[in-house]
Structures are given as C-alpha cells and as structure tokens.
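Participant: Chains as they are written, first to last, in my numbering: chain X, 1 to 365; chain V, 1 to 350.
Derived from the structure by calculation, the hints contain no laboratory data.
Predicted model only: the values in this text are computed from it and were never measured.
The list that follows gives simulated cross-link-like pairs (lysine to aspartate or glutamate, EDC-like), each with its CA atoms no further than 20 Å apart:
#1 X/K131 with X/D111
#2 V/K264 with X/D9
#3 X/K14 with V/D257
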Amino acid sequence: MKYLDEYRDPAKVKSLLREIESIVTRDWVIMEICGGQTHAFLQHGLDDMLPPQIELVHGPGCPVCVTPLEQIDKAIAIASQPDVIFTSYGDMLRVPGSSKDLFAVRANGGDVRVVYSPLEAVQIAESNLDKQVVFFAIGFETTAPANAMAVMQAKHKNIQNFFVLVSHVRVPPAMEAILSSSKNRVQAFLAAGHVCAVMGFHEYPPIAEKYHVPIVVTGFEPIDLLNGLLAAVKQLEAGRAVAENQYQRAVRFEGNASAQRSLRSVFESVDRKWRGIGVIPQSGWGLSPEFQMFDAEKKFNVENIFTQESPLCIAGEILQGLKKPLQCSAFGKECTQQTPLGAPMVSAEGACAAYYKYHRDVVYG
Amino acid sequence: MAEFDFEGYTCPVPIRPTDTVVLGHGSGGTLSRDLLNRLFLPELGKAAPRALDDSAVVVMDGQRYAITTDSHVVSPLFFPGGDIGRLAICGTVNDLAMIGATPIALTCGFVLEEGLSFDVLQRVVVSMKEAAHEAGIYIAAGDTKVVQKGSADRLFINTSGIGKINEGVNISGANANDGDVIIISGTIGDHGIAVLSARENLGFETTLESDVAPLNHLVKAMISAGEIRVLRDPTRGGLATSLVEIAEQSNVTIEIDEQSLPVKPAVKAACEMLGFDPLYVANEGKLAAFVKEADTEKVLDVMKKMKYGADAAVIGRVIGAGKSQVRMRTAIGGTRLVDMLPGEMLPRIC
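Bound conformation, chain V alone (with noise of 0.2 Å):
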C-alpha cells in the first residue's frame, strides 16, 4: 500500500460563532458564561456583585433580599412528573432558596402563541396554583402578551421571586471552604432523561418522572441543622457544571467520588445508551450543599426525613484552596477532571 502523509491531516481555522446566537448559549454551560462575560455583565452587571449565584441580594433598611428571576420554555408543556407551569414556580422558588432566602411572592408573565388551547394553559395555570401552595410562596402580580402564531412555541412563562434572608444565614457560591463536605439531595439526571425521553419519543419502556420540585422547606430545615456554606440547585448544565462554577467562584479544588452518585437505573442506561453523562444532565428538583464537615450527619439526618431529601447522600469534599478544579474518583479507583459542558449536550454517533 502507498504511504499516506499523515502529517498533512490538519483542521480548519477556528470558528468563533460571534455574529449569531446559538442555542448553546442557553445551555448552561460555557457558552452560556461567554454570553454573559462578553455581553451581559460588561453591560448590566455592574451593581451585582454576586450575579453569579442563583439569586441577587438587595439590602433596604438594613434587611437583605434575594432577588431572582427565570423564563421558561420547555417542550413539549407537559412530561412524566410535571409540567411547565410547576417548573416556572419551582426554578424560582428554588433559585430564592439557594442563596438561603425564604421566598416571599412572585411574579408571573406569560407569552402566549395565538392558537393555544384554552384547556392547556388552564392545567398550566392549575399546577403552577398547586406547586405555589405547595412552596407556601404566592403570586402577588402577573402579565399576559399575545404573540403572532410562528412567533412563539405555544406558551413561555418567566416569573421573578422576592424572599427574605434571615439574620445568620450567608450562603454563596463563593463561600466553600477548605474540608468542606459536599452533599447532593437525590438522585441526579431524572428531569432532562425525562423531558428529553418525551419529547423525542425515545420509547424507553419505563417512564421515568422529572424531579421538579420546590426546595425551600427542605433548605429551611437544613439551614436550622447546620452551617451550609453553599447551595446551588444543578438545573442546567447538571451537577458538574454546578461543581465548576462554585469550584472558580470559591476557588478551590473539589473531589467527588462517582460511586457515591445517586443515579436511577433508568437514567443510568438511558446515558449509557445516548452517550450522556448523568453529571450533565438537569435536575429541577436537587440541590448540592457544601456543608461545615462537623455539621454533615446532623444536616443528613435532617434532609433524609424531608421528601424531597430522602435520597440525600455525600459526594464529595472540597480538599484544597487556592486552584479552582474539578476531580473525580472514578468507581474503578482513577482520577480525572470534571468540566463544565461545552455547548448544546450532544448524543454521539455510535
């Protein structure tokens, strides 16, 4: 056979996509930060602080407030285990309760598509009503547009929320310490295997149900139970995202251990399958809490009474400061890093 130049196997000049939104952007990941450090924070950020976290704080009078706001666009509306009214009050209602606030009222405006039916935002605007008792949060204002068909997909619900930080409590990305013990509420990767499994009708023969839910009673009871340093609920982007970015905003080294990961069987074998990893996947109803090491079994104890801490498990520690990383023990006893996910998560080939 004739010799193959191997060394003129070359790739292309990069491509930056800078002209155009990509939906990657939304992602989570590190597109998502590029957008934001390029464009939102040079522009709009510069009164916040922390607009890293989940929530904003506001001081008036000398009580701080968090802050917070979330649009929502999920498709299909509805899938196993909840819908996109549920989801608009819980991604809020959670985001409140990240930073340790107790939420006090939301906001609600709905972009609606000519041509959706009335029964859909009806059972919409049903559940949204149930997942608000059930966080004890109310909608004290709302807004409604109507959009031309083609310019919306059916129905977009963003909602803003307003809680209360109580005196003592100081939860932020930036507040891991060295020895920290890194705790997960359940297990991770249900909501986006669920979501995704509806929408492409991937037929797996379980259904499996998204764990959106609202978290503010169990961050509550885990707040009187310990010192929490930080709270992040892995939406977007999944728990190795979550892990990077308090990893840089705290700087310090994380080690998480893959065997202690509560992953479902569905969910493992529907990864294994589209050649996902659980670490990416979303979650709608889990938080992961660094918590002050002398404090774990009591903050454990208490989030395994809750229902929505009953699988809570530790994951982890933070065991330097001084370099922000990622590591993972892996099941089989190696090491490697965990990063943020790049863009859009992508099934691979074969």
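Looking at chain X on its own, in the form it has when it is part of the complex (with noise of 0.2 Å):
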C-alpha cells in the first residue's frame, strides 16, 4: 500500500540498523514520547533488532494515560445522570475510573456512545435536542484541534444542549518536566510526529538548548522510527543537540497554522492536573471564557470531584523511563488487560499495553 509499504520496507530496515550500528560507540538512553512510537516499535518487533546500545524508554504520550482519575470519575458522573448521552473515542470506555469504567455505566443503562469524531458528538446533539449531549475531548495537540471546531461548530449553530468535558494536555511542558526531574536518564527525545503535524517544532529549540538533549522529530513506521533514531545517535555521538526533523512529509517548522487558529480560538494555556504526577504549569487547553458555556464540568456540576489515586503501580517510574513494564510486579499477574490497574494498559497506545500484547513472552519466558 502507497505511503505504507515504503517505510516497512525490509531492506531497508536492514540498512538503517546497520548504519545505527555503525556509529553507536556507548549507551544511550532515547526517549519516544508518544505511546503510538511506543506500539510501533514492539508491533514490528524492532525493539529487539536495535543494537544493545540503545535503550529505549517510552514516554508519556498516551492521553489516555495520562488523563487524571478524577477527570475518569467526572465522566462517569456525568453519563451516569439521566437525559446524558456521553460521546467519547473508544479507548476511554475502558479505563477504570475509582468505582467503575465507562462501560459499566452504559451495562447499567447510561448511554454511552463510542464516536470517530468529535463532529459526530455535534450531530447526536441536534438530533436529539431532548437530552444533553458530552463529548468526553482528552488527547494531546493532536485531537485538540478537531475538538475546537466541534465547539466552534456548536457555537455557530447555536446548538445549546452540546458540551465538553476538556482534559487536553500539551507535550513540550511534559518533556520540560521530565528532563527537570533529578533522576532524569533520557539523553535524547524522539517528538512526536503526529503532534509536530499540528504544532510544528518551533517549542523545541529552546528545550533542545537549555537541556543540552537533541530532539528528533519522528514518525510511526519503522523506516521512520530508525530515522529518527539514527539521527539522534548521530547527535549524541557528535555531542550536539539540537531540534530537527526526520518526519518532513508531515511537519514543517510552523506546524498547521488553521488547525493552530481553531486550537486558540477555543482554548487556551492553563494548567493541568496529569494523572499521578500533579498539576503541570500551563501543561494543558481549556475552554477559553468566550467558549465557557460549552464546559461540561460547570452545566453538571462535577467540578469539585477530586479523586485520591492508591499508590499500586510503578507507572510514574516507568513515565520517566527509570523502569520498564515488566519490571512492575504487577504486570501480567494483578493486571492485565482484562483488569487493568492502570491507564498504560488499557489505552492502545499504553506502554505497559504493548508489553503485554507483544511481550509477555518475555516474562513468562
């Protein structure tokens, strides 16, 4: 398949590690911020192809994962309520909130609807005026902008019965937070492509600069994904680190400036609780007030749940790649992805999610 097959292409994937095998002189650890870099590696088995050197550490771009249990808990809440048709992508039905998921409450007779867009959530609500429509908008820059328009579009409607119950978070904070941290071992970045699609790259100089880490701007096949580590092996080998980019037939330095626009025409900065570690400064979009009426957490009143997380996974460790999946004592056994303690298993793109389909051999070995 076009645009496919070219970048899974065998021979190539051969060069490329041998290329990589060639300049890497000592270890590396390399950080893939986004959990679909993270399935991609394990799904084509390329993690176990790369020279010993590299350490790969999987980083916190799964927005499902990171969204905060209280955010998960004000969901339920919401659909929970009569005269509530809640939307949200598929991947959030399944993550437990304190008491239940997603999916228990539409078991229990809630309506609760999988959506492919948030456009979709607009539609629902005007053809059924009688009920309040919620569209559950999580996800990082990459959806954040789809969801704008949705609210857009309610606005320009003047469709009254639409709302959104916001948790978008943005990465460069994240990656900011990461490398403050004093336990930090990620020496290089690959940034995630789909994101850079969006918002382009121009956050990441100044990061690459002041904590001395290139950053490789990657994509999601593996002829990308060896790109964009050979390029970071290249700069780390040569003591540079600077922001570039291996995923040019998607992102160019400015990013997509009308997805851009209808981001801040909606939302803006504010800060924003990530699940487990605390709130991060100005880390995340919320509805700017022209747009307040559209909040969800306001029309049903659930902005005062806070929700108290028990302390029985690693996956902070792991976030900050100080620990691997199959390093939690849990994995495989307490949870699965039948029972998931956690976000990272449940979400395709949790990195405890792609140990568990594409590795579990290793643990049970």
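Hey, can you piece these two chains together into the complex? The hints should help.
Facilitator: Here you go:
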C-alpha cells in the first residue's frame, strides 16, 4: 500500500539498523514521546532488532494514560445522569475510574456512545434536542484542533445541548518536567510526529538548548522510527543537541497554522493535572472565557470531584524511563488487559499494553 | 521548572466487572472466555468434553454427529455482501463444517421486534433460503417470538444445526501437531470492516463486501485432498483469537508470517485509519486449516480451485509442542507475540 509499504521495507530496515550499529560507540537512553511510537516499535518487533547500546524508554504521549483519575470519575458522574448522551473515543471507555468504567455505566443503562469524531457528537446533539450531549475532549495537540472545531460549530449553529468535558494536555511542558527531574535518564527525544504535524517544532529548539538534549521529530513507521533514532544517535555521538525534523513528509517548522488558529480560538493554555504526577503549570488546554457555556464540568456540577489515587503501580517510574513495564511486580499478574490496574495497560497507546500484547513471553518465558 | 513527583504517578485499584455483563463478553476474546469458564462451563458444560470446538460431537448407534447453535444480532441487518439471514445460515453451517461434519439440517428461531416491516423480514427469509440452497442444507424446523418494541433490536435469529461426521474424519482444535502447516482460505478482515463501515457510515470511497459464505463444500474438498487436523472459522475476535485458542487446545507453539497474511488493500487502509489490526477483525466466510505438512500442496491446490478458497495461502506453521503460544514474524523481520482480543475492539484516539 502506498505511503505504508515503502516505510516498512525490510531491506531499508536492515540497512538503517547497520548504519546505527556502525556509529554507536556507547550506551544511550532515548525516549520516544508518543505511545503510538512505542506500539510501533513493539508491534513490528523493532525493539529487539536495535543495537544493545540503545535503550528505549517510553514517554508520556498516551492521552488516555495521562488523563487524571478524577476526570474519569467526572465523566462517569456525568454519563450516569438521566437525559445525558455521553460520547467518547472508544479508548476511554475501558479506563477504570475509582469505582467503575464507562462500559459499566453503559451496562447499567447509561447512554454512552463511541464516536469517531467530535463532529459526530455535535450531530448527535442536533438530532437529540431533548438530551444533553457531552463529548469527552481528551488528548494532546493532535485531537485538540478537531475538538475545537466541534465547539466552534456548536456555537455557530447555536446548539445549546452540546458540552465538552475538557482534559487536553500539551507535550512540551511534559518534556520539561521529565528533563528537570533529578532522576532523569533521558538523553534524547524522538518527538511525536503527529503532534508536530499540528504544532510544528518551533517550541523545541529552546528545550534542546536549555537541557542539552537532541530532539528529533519522528514518524510512526519502522523506517521513520529508525531514521529518528539514527539522527538522535548521530547527535549524541557528536555531542550536539538541536531540534531536527526526520518526519518531513508531514511536519513543517511552523506546523499547521489553521489547526493552531482553531485551537487558540477555543482553548487557552491552563495548568493541568496529569495522572499521578500532579499539576504541571501551563501544560493543558482549557476552554477560553468566550466558550465557557460549553463546559460540561460547570453544566453538570462536577467541578468539585477530587479523587485520591492509590499507590499500587509504578507508572510514574515507567513514564520517566526509570523502569520498564516488565519490572512492575503487578504486570501480567494483578494487572492484565482484562483487569487493568491503570491506564497504561488499557490504552491502545499505553506502554504496559504494548508489552502485554507483544512481549508478555519475556515474563512467562 | 519545579521538580515533579513521578514516583507518585499511580494506577487505581483494579476493577473486575463482576456484577454485570458488558458488551466485551460477546467479543469472542478473553472476556468471552472468562464468561464461559466462570459461569457456563461449570454449570452447564460437564457433559461436553469438546465444548470449545465450533461444534460438539454426539454419538448415536456408533455414528458421530456434530451439533451446534449460534445466535445472530448484527446491526445493520443488511450490509454490503450479505445480511443477517445469510449470516445466520452460514454461521451454523460453518460451525458444523469446522469439525469436518457434513451438514444435514438446521432449525431457526426468530425473535422479532414489534414494528418490524414485513418487507425487511421477507428479504431476510429469502436470503436464508438462498444461502441454505447454496450450502445444500434444509431448514427442518423453526420458531417465532415477537417482543414489545424496545425489547429487541428489530430482528434476532438463532440457528442450530446437525451434521454427520464420516468415518476417518478427526478434526478438532486439540489436534494440531508439531510441523503442521497453517493455511488461510482467503483475505482476512473483510466482514468486520464491511459491517463497521456500513454501521458507522465511515464514508470510505470503496464499498467493501462482507465475505459471508458457507464453507462446507470447501471443507469437503479439503478433507478428500489431505489430512486436515484442525479447522476453525475465525469469526469474532478474528484470526488471532482463533490461533491462540488452537495453540491452547493443542498446547503447541504457532508461528505465522505477517507478510503472507492475505489482506485486501481497502481493509488494510481502514484498519490503519481506525487503529485496528486485521488479525482481530471478524470473518464470516474464511477458515484456517492445520494440515499435515506432506499434504500441504494437495490441499492448497484443491482450495484454490474452489470459489471460497481461491485466495488460499500458507500463513505459518506449528513450530513446537509443549508450550502454547502464537508468535508472528513481522514484515520487517522482527518477531512478536500474538494475543487474544481483551474485550471490545476500540478505535484509537489519534
């Protein structure tokens, strides 16, 4: 298939692997930001083909994983109300809140629907005027513009029964949080190609310089991932630290101006709580004052739900690259895809889910 | 920037969905199996030693018969390439065929929702007649129940079937041997993506058709061409789930080759867009066969001459006994594990 097969060409994969092997002289710790990249590494078996000097650690770029527990509890509280149609991307439905998940709300009679686009949720609102329709707006800069479009459309059409439960997060503040930790092990980043397709990578040169860390904008196919790694290793070996783009077919320095415009016209930068980490300043997007009437938290009075998370899993250390999913004592035992302890095991982009699906044999050997 | 406490990053206590049935219990994956193991098999399954094959075997006067049942609840009722009626006939015919039985007769039970139009029902029934004719099976008995509006989604159909197992035929998920070659009868994922794109109105430019078809004639030809150890039609949960089940039933290690998996470009593209893996997408007119290595070419030749086996391909083999596992050699030359679907297949976020 065009645009796919050429980036999965076994001969090119081999030659890139040889090139990386030929230049690497010592151990390097490299973080791929995006959960989609983590899954691609494991899904193609690429992680096992890398030279042993390269250690991949798996970044926080899984929107489901970083959505705080209390946002899920808020979603469940809203979805459980009568006359509410709660819409969400499918991934969020299986993430456990503190007492149940959205699937369980549906099984108990709640109207919870999977949508493929936020505009679908707006349509549902238009055709169900007697119901309140809520969309769970989560994700990074990738999903935020489309969600902004949905809100703009609802406003334009004067749809008054459409609301969004917003939990958007931004990548650069999370990178800085990781780099500023005293236990940080990450020496280079593969930046998330899809996020950069929207935002560009003009936010990265100052981070690369400040923390002296190479940042390589990287795609999601095997050839993309290897090109990203090769560029990162070249920089590391040469002692350089700049932001560079290895995903040129999708990413420009300034990003997608029109997507950024819709994003900024609906959302503004806010402090945001990340699951278990706590609040990172200016790390999220929230509805700007002009669009407050779409805020589901206000409409359904769930602003005051605060949830204490229980210290059972090591996701924080995994997120920071201090540990791998296989080093978690609960992995594959108490924590499986059927009975996830946490979001990293649930999400299609979660690091624990990737290991569980593709690498469980390492544990069970 | 202030330092953040990553060690405080935690997961919540586990939630086991013990008190209610959720949709994932019907997905054909591990949740379905949990339901079987936890509730149905302990209570009802004691007399069914082969309960995990597509059909059960009963012996009467020394003759082995296959017996099976299947309920159909697809939405929409009509989709490109098929409808609930054709699905209801083919599903049960195929379950009988998957243990090598020659189908004899079916029964069908209709649950109709008040308000269903006669026109819709007529079209479904005609489609059932045509599918039964194609399979060479007759519908011997039926039942109809009508429920109040809202108590069912228009039309549910249950079909049960009985078939005869000939002398010398011994096909079961438990019969895979080290060295067996695995053949798939055609492209995977067609049905699931066709139904999904019809239901969700995904607006793909090409219309993809479901593969729903009766496979009994294909199976008959295969049995006459060589030694078939295992047959399975990878319906809900897809090929991956079927292979994991077989690996467990036979306690063998299976290796499949990603590049050899036949997938239509439209299915591949849809899966890439939605974040699905074709290995987990449902089929309704395909079978996976574990064949004695020496008979591979003969069986494959016969399959390729048949309507529903024209795209048959070898996709892997059994590479060891004593450890149940499914591995895949990826297209770029890596290897990874293949697991069952944990619950419902969910489209990804971005």
